[in-house]
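Undergrad: As given, the protein sequences belong to chains A, B, C, D, E, F, G and H, one line each in that order.
Counting from 1, position 41 in the first sequence corresponds to residue 41 in the numbering used here; the numbering is continuous, with no gaps.
Counting from 1, position 9 in the second sequence corresponds to residue 9 in the numbering used here; the numbering is continuous, with no gaps.
Counting from 1, position 210 in the third sequence corresponds to residue 210 in the numbering used here; the numbering is continuous, with no gaps.
Counting from 1, position 159 in the fourth sequence corresponds to residue 159 in the numbering used here; the numbering is continuous, with no gaps.
Counting from 1, position 65 in the fifth sequence corresponds to residue 65 in the numbering used here; the numbering is continuous, with no gaps.
Counting from 1, position 1 in the sixth sequence corresponds to residue 1 in the numbering used here; the numbering is continuous, with no gaps.
Counting from 1, position 216 in the seventh sequence corresponds to residue 216 in the numbering used here; the numbering is continuous, with no gaps.
Counting from 1, position 158 in the eighth sequence corresponds to residue 158 in the numbering used here; the numbering is continuous, with no gaps.
Source of the hints: derived by calculation from the structure; they are not laboratory data.
Treat each hint with caution, since some may be false.
As the list claims (entries may be wrong) - Not everything, but these chain F residues come out facing chain B in the computed CB check (under 7 angstroms):
(1) G4
(2) V6
(3) R12
(4) Q36
(5) R42
(6) I205
(7) D206
These numbers come from a predicted model, not from an experiment.
A virtual CB, placed ideally from N, CA and C, is assigned to each residue, including glycine.
Protein chains: 8
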Amino acid sequence: MDPGFVDLGFARVDTSRLARRGFPEVIYCAGKTPAQVREIARSLIAHSPVVLATRAEPAHFDAVREALPDAIHHPVARCIVAQTAPLPRLPGSVALVSAGTSDLPVVEEAVVTLDALGCTVVRVSDAGVAGVHRLLAERERIEACSVVVVVAGMEGALPSVVAGLVSRPVIAVPTSIGYGANFGGLAALLGMLNSCGSGVSVVNIDNGFGAAWSAAAICRLLLPKA
Amino acid sequence: MDPGFVDLGFARVDTSRLARRGFPEVIYCAGKTPAQVREIARSLIAHSPVVLATRAEPAHFDAVREALPDAIHHPVARCIVAQTAPLPRLPGSVALVSAGTSDLPVVEEAVVTLDALGCTVVRVSDAGVAGVHRLLAERERIEACSVVVVVAGMEGALPSVVAGLVSRPVIAVPTSIGYGANFGGLAALLGMLNSCGSGVSVVNIDNGFGAAWSAAAICRLLLPKA
Amino acid sequence: MDPGFVDLGFARVDTSRLARRGFPEVIYCAGKTPAQVREIARSLIAHSPVVLATRAEPAHFDAVREALPDAIHHPVARCIVAQTAPLPRLPGSVALVSAGTSDLPVVEEAVVTLDALGCTVVRVSDAGVAGVHRLLAERERIEACSVVVVVAGMEGALPSVVAGLVSRPVIAVPTSIGYGANFGGLAALLGMLNSCGSGVSVVNIDNGFGAAWSAAAICRLLLPKA
Amino acid sequence: MDPGFVDLGFARVDTSRLARRGFPEVIYCAGKTPAQVREIARSLIAHSPVVLATRAEPAHFDAVREALPDAIHHPVARCIVAQTAPLPRLPGSVALVSAGTSDLPVVEEAVVTLDALGCTVVRVSDAGVAGVHRLLAERERIEACSVVVVVAGMEGALPSVVAGLVSRPVIAVPTSIGYGANFGGLAALLGMLNSCGSGVSVVNIDNGFGAAWSAAAICRLLLPKA
Amino acid sequence: MDPGFVDLGFARVDTSRLARRGFPEVIYCAGKTPAQVREIARSLIAHSPVVLATRAEPAHFDAVREALPDAIHHPVARCIVAQTAPLPRLPGSVALVSAGTSDLPVVEEAVVTLDALGCTVVRVSDAGVAGVHRLLAERERIEACSVVVVVAGMEGALPSVVAGLVSRPVIAVPTSIGYGANFGGLAALLGMLNSCGSGVSVVNIDNGFGAAWSAAAICRLLLPKA
Amino acid sequence: MDPGFVDLGFARVDTSRLARRGFPEVIYCAGKTPAQVREIARSLIAHSPVVLATRAEPAHFDAVREALPDAIHHPVARCIVAQTAPLPRLPGSVALVSAGTSDLPVVEEAVVTLDALGCTVVRVSDAGVAGVHRLLAERERIEACSVVVVVAGMEGALPSVVAGLVSRPVIAVPTSIGYGANFGGLAALLGMLNSCGSGVSVVNIDNGFGAAWSAAAICRLLLPKA
Amino acid sequence: MDPGFVDLGFARVDTSRLARRGFPEVIYCAGKTPAQVREIARSLIAHSPVVLATRAEPAHFDAVREALPDAIHHPVARCIVAQTAPLPRLPGSVALVSAGTSDLPVVEEAVVTLDALGCTVVRVSDAGVAGVHRLLAERERIEACSVVVVVAGMEGALPSVVAGLVSRPVIAVPTSIGYGANFGGLAALLGMLNSCGSGVSVVNIDNGFGAAWSAAAICRLLLPKA
Amino acid sequence: MDPGFVDLGFARVDTSRLARRGFPEVIYCAGKTPAQVREIARSLIAHSPVVLATRAEPAHFDAVREALPDAIHHPVARCIVAQTAPLPRLPGSVALVSAGTSDLPVVEEAVVTLDALGCTVVRVSDAGVAGVHRLLAERERIEACSVVVVVAGMEGALPSVVAGLVSRPVIAVPTSIGYGANFGGLAALLGMLNSCGSGVSVVNIDNGFGAAWSAAAICRLLLPKA
């Protein structure tokens, strides 16, 4: 019987994740050697059309390319994507609203993930609350999407304001942008968790990947039932 | 022109929230006097078929009943619901998985909210990871729902395990159940934010209401387009 | 020579504070016995036309009234005010913007303090960011004031949005309204300290008094030079 | 209609900030690439006579100089200033009191900001409470200013003592100077927030810029009404 | 051989502490039943002329009086003292400087302890830095003592200022007086630990007893060598 | 097939825990209603000879007695024990060393648990490091046991010293005894986690039950192999 | 008389630890110079057949090799082992279960320590709860061991699930793998301390050594009595 | 009149500190440029026979040597000492007890400071509680000193045990030695603040200088009265 995983000794590659979860296993590169990432990727590609690796340093990419020569590196997003075929495109779209230019690396991680998982993205960048007219101008474009991912650092106020304007589920991503009493993104995280705007759920600091996966899982619900 | 709110002096009742957000304004009772809650409820019911109040003490209910005699009190959930007509039922369903019996008040707040917002709920209670067979037995029932709300205190491990088993978006609610290094739910909150299970988003500690709103907003996406 | 204080044994009443600071010493009642507050008030009134006591319980008021029969109790604000003559009215005005009805006790502490110190107050209550149109409707009324005090709990996002709309100095007061990861107002405090809106300064959690004093000190600057 | 901003794709430059807030948008360089800062600066200078960038590394300056050859770098303050014309000088003056020599970089950020915004600065450096006679000697010079910015690290006691001596509004800036249980400025921040000296408001750790903006907004109030 | 303790089952009374440490064992009542405190006191008095119990509730005192009818209760200090003979008076004296009237319970615990251990106390109360002239007036009286205990809540700035004025060792006691970002005395504690005034050492929040013991141990050094 | 649990609706009683884990499910009463505890106990006793409930209030006991009239309440330990037959006695013994008399409620929870699970206990109470001779006198009695549970509050230093003296595995239980910078047991918890004594593992604050279970699981290893 | 230690001036080498504790003193290299480690190792080897040094950098190894040429470096584990003879093999075995590939350095520290102390190790790597079937497949292999060490980062959920499946004592090691609200392993640490799985005890973050020592001390209990 | 300080612009050198406090101003180098330290040292030496600088990097020493060619660098202690004449030797002696070899840099800072201030030091190194016999062997040597400074990292248990053994005042210095839940010395700091050993006062993490100053101030009390 297929146990649903392959044991590489240092890793048990979860080969049944695509079937179970709708999307394949994703490699978290931090703390792994380039050779480990390479071997996990090599093993995964045999069971999934798409392999995504996050938090990837250039050395990880160099190693992955040895096994998967067509892999692509997204350095700002710190992601690697390799695919034998794209995942099916999902219905709906994801609005990706961010507070400031400094938040772009986290935004990029979300964009690369959403694209790899088959989602359509609508970006609204640098729409922070210090000049709220920049956000109000985009209200209708955001409402037209299915789900909203909001990325913000510092005080993390943007998701509350966005949630108050639209009817879509809002997934908030605090970033570590800031200093001092920001405490590495803690201020934004706490702000988002305490949002007075109903319907905001939150992922870990700088976790663009996680928000993208959640948004993609919502878009999957829009697929017509087979 | 309609400003979209009514100014009661001590409160600006957001009368356009139902139109803007798909669900009406909800009253957060903590820190409000019973008379304030009563007057806000009286004002809201003129603009919305359903009024929901959370974190309600019995004194709040007594006051609300003066204005809205048909209001119903859910003491375990600490909620008040009054309605002139139900909100339209939404497609799909919400799995509400909880880790332990002690988490039930938070579960109840979610149940009352989901019901008020028009959602169908499937409950799986006391399925904590200390005996994971109790959860595995329910995998298919959970996968059959559209979205999963997972409520857990202590170490908050349940959302990670649930997320690993199904393809649905998972909204995690940490509870303040526990003691010592639990720090009022902080342990569960941090655990859920750091979940190794992709696609878990998190709301505030004990915020059954917020998770329910997010789940309901996802179910609204399943409405056929007009 | 006048040492600038009177030694009551348990207290050194700062009789030169009005001359030095423009406003008289204010009594912080928490941790003091009613009898101590009474004697400090009795001593202060001999050197200042106005005596203000904050964080006052009813027992403090009862004791103060023994010495100063005309003292007035503001129970929501938890303040006592006694005066032989009002302080001179100050030029300008203070906009007092608050996020929610639950923040009113902190707002009241600020109102009583501003009034005792001679300031004119313009209130804008329950203008939280969950329905930002309620705030935008008041932009001009706020800009017409000299300084803005913004009171908010939960995520404390309101000062950032207000600061982005007007040219006035903004003093933010986080409140302890909220629960869970709010940590007694810490979330709002950190949010305000990390505000992306330039020109926001912050006082302690629930410190309506301190914000009012700062605002009044700004209004004093508008007095014509003697 | 002018939307009040220019969309550069990666940034929405807030071109209406000067009109709305009295001072132009300021560029926060941390987390932005040199090219992004350059393009934002190029866009801003078309709408504002002065461009200020904070937290600037030398690479940011090199890039800005490509677009604005007359820009000036203040390396201790980590600021860049470019101007086509100075902002109008504001009435009054700002006392800038600091506790120790190690706090000077934060002081410099405040000085450069105050100067760019049109304020007159009076410096009192290294007047920490370990030798309080150094501060008492300057009491009258500080009282002669309109507003006081106090910069201190370690225990952050200086604002309390200064506030007790003068009638001016005090804006406190905690610095990250210290070690161990200083926790990166947290000790000074908490000390300032809990100041027993009435009328102290606080900005983020090391936020010389923010305190300066607040002080400048106060000086703007002293402008004769048009 | 004498093991240096008596085993009561629930307690091992340290009968050799007076010989080893110069002062007898002191009973910490919190968490102990009245009967336990009574039996420990009964056992101690057989080995030490003085028995001191701290953090004592009235029920503890009632129980102790059953065994030691001459015991005295100091309710503000929450201490019980019983003695068959006083401990020998120690040379020198201890200045006990406190910041505010609200700090008096902690001051009283220190006073009762110092007295029980044989020390002479000089009190300077309510000399907080919000009016530093109240402290400067007492500089010489403080310098004339051997050691200084400084008690302060809120921002805990007083020990730094005191230490800067005198040559004596300074022991700082943070108190839990304050609210909000005081976090139960944490602000004062961190402030004192980061004091820029050299020669400040710190005890636990509200630990008047511990500071008194340390001061008494210093006074013991002044005893002429036998 | 037996699913290994019984679904009571509000609880899934884990009826296979004794077979899987060697000890039966234990009821954590906090947050459960008396009726819920009663029904869980009633269900458990059908599958296990012993039922243990922790964190039980008197009302829980009253309810349990309705279903299990022979149940016994241990009020200091806050435990309920009901049994149809004792669990088999385990080989070896557990030394239960505690630092102070105030720690006894946590010690009692461990004692009741160890007894219910079949272990022999050797108590050494009030052997804290302030008088280390009280501990040294018991070194051999501790070494003669199989495993050591050390219970201590305040600074939690005792496990380090004990671990340095004996060869047995040490399980440390921090207690919430203390005040101020103890932060509800955090000081003791961190101290124990950072123990310089090798071989110390730690359970949650006040978790006498958990340490007892771990110790009992070690004693089970000493059972002769069947 | 042998004092049980050798005083090197900068170190007191504990030469009686093997006799007292069953295992010899282990050198913690962090914060020590290579020369200090070398001299301590040289001194220890005269009293113990095995010398283990943890947290060793290459420079420490180079220095140790000068004194002990046969020493072996384990760079992933950051350990040095030198031995004149192996310690006696202990009965039983230790299951070493880890959550992810990134946790391997901590696992390696445990493996090297267990081996040096005479234990047999059974590894189960990358069995995290995101795909719990990978763990369930190994249940019987884990139950067959005497004690289980579980290593996990991120939310640290694995020990709870493992403890729920087997009857063996579980020692949990949180790792610092993760980011953001992981706070350097705090999330995993708190999760493990709050485990709903009875019988989990916890060591410091990344402390593979400490868990191994505890497990080895348990295996020593299985030695037949002499 | 002599103002008691010299204003260098960037520094106000406290030239009256020796007269006021018994010891001269000490330069804290962190955050200061080498040139600033050089000029402060040059200014101080004109008013004090001894100049001590702490937290000095080699570049600071190079600069100081330009002004004071006879200055001496203590690199492990990170201190610079320059003197035209030694301060008078003080009576008594200071026991400097440390827990581990890794704590030596903090010990060295204390030694250099004590020597510069005129104190005699008795060292007891590496006497940590993991092998308490190493400490017990030195009890009499410690008791023979006037005051005890105890330096320890990790759990910081040593001051409690030392305080329990001797009658001298104990000043505890937590160090940042450790990892994980040590949180940069926080564990040791909290442990020491919560010491069950009466008469322990505490300085900041790694603050060998501060403990030394406090100890020296105590030794000064032993000077015969003039």
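Undergrad: Against this structure, judge whether each hint is valid.
TA: Hint check:
1. G4: 5 angstroms, holds
2. V6: 10 angstroms, violated
3. R12: 4 angstroms, holds
4. Q36: Check passed: Cβ of Q36 of chain F comes within 5 angstroms of chain B, closer than 7 angstroms.
5. R42: Violated - the Cβ of R42 of chain F stays beyond 7 angstroms from chain B, reaching only about 14 angstroms at its closest.
6. I205: This hint holds: I205 of chain F lies near chain B, its Cβ roughly 3 angstroms from the closest one there, short of 7 angstroms.
7. D206: 5 angstroms, holds
Hints 2 and 5 from the list above are not met by this structure, while the remaining hints are.
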